Amino acid sequence: ETGPASIEGWVDGALAVPGLLQEIARGEARGVAGHVIACFDDTGLDAARSLATAPVVGIGEAGFHVAALLAGRFSVVTTLARSIPVIEANLQRIGLAARCARVRAAEIPVLDLERPGSDAEERISAEIAAALESDRAEAIVLGCAGMADLAARLSARHGVPVIDGVAAAVTLVEGLARLGLRTAKTGGYAPPRPKPGGMSGFGIR
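Numbering-wise (this note's numbering), the sequence shown opens with residue -2 and increments by one.
Hint data in this document are derived by calculation from the structure and do not stem from the laboratory. Every value quoted in this text rests on a predicted model; they were computed, and no experiment measured them. Positions of the beta carbon are idealized from the N, C-alpha and C atoms, including for glycine. A portion of the hints provided could be inaccurate.
[Claimed, not checked] For each label pair, taking beta carbons as the anchor points, the in silico distance ranges come out as:
#: 1; residue 1: E104; residue 2: A11; range: 17 to 27 Å
#: 2; residue 1: P193; residue 2: H155; range: 26 to 36 Å
#: 3; residue 1: R90; residue 2: R179; range: 14 to 24 Å
#: 4; residue 1: P189; residue 2: I91; range: 17 to 27 Å
#: 5; residue 1: E85; residue 2: P15; range: 20 to 30 Å
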């Protein structure tokens, strides 16, 4: 309701976080079994985990972990070059940077992925071909939720695992819920302390 139409870089991500946290709080109030952050930048992921007791999984983190289970080296194909530093920072944060050969950008604005007549699939496919040849990647992670419907076709075309982070995150959060696991509430993910003003609704009393 309050965030940008798409997230392409640091500023868009920061603008999206307040609305994201409101949705997490609403879901917690309804007793949902888990939350998926469906932006490949994993926007607001740590803050969401601090607010939630149900598991919170980002599609970027899910895609990286699944790729690391399937291949020794993987590359990421995302939308715009401005997203590369965000993704590289996330790979460092979760300890999988050494497994990622390269983060590539097809130079496609996020909203163009849904535009009729777009050449997005061919541009993404070209980057996958380059990743397999130049990066020696053994699997590909699609670096945007808007690419989800391309994963199966691109995997068949190139003969390697092409991972859709949305499907990976949904499957992981369902598995965590079935295991009865919850987000840790000590240390970094301890609930936020109550604050006056605009943050008054987010504190845990």
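Do the Cβ positions of E85 and P15 conform to the proposed distance bound of 20 to 30 Å?
-> Given a distance of about 25 Å, which is inside 20 to 30 Å, the answer is holds.
Using the Cβ atoms, figure out if E104 sits within 17 to 27 Å of A11.
-> Because 23 Å falls inside the window, the suggested range holds.
Per the hint of 26 to 36 Å, is the separation of the Cβ atoms of P193 and H155 within bounds?
-> 54 Å, violated
Given the hint of 17 to 27 Å, check if P189 and I91 actually sit that far apart at their C-beta atoms.
-> 22 Å, holds
C-beta pair R90, R179: status relative to the range 14 to 24 Å that was hinted = The hint (14 to 24 Å, Cβ to Cβ) holds, given that R90 and R179 are roughly 22 Å apart.
In terms of the numbered hints stated before, the structure departs from hint 2 and from no other.
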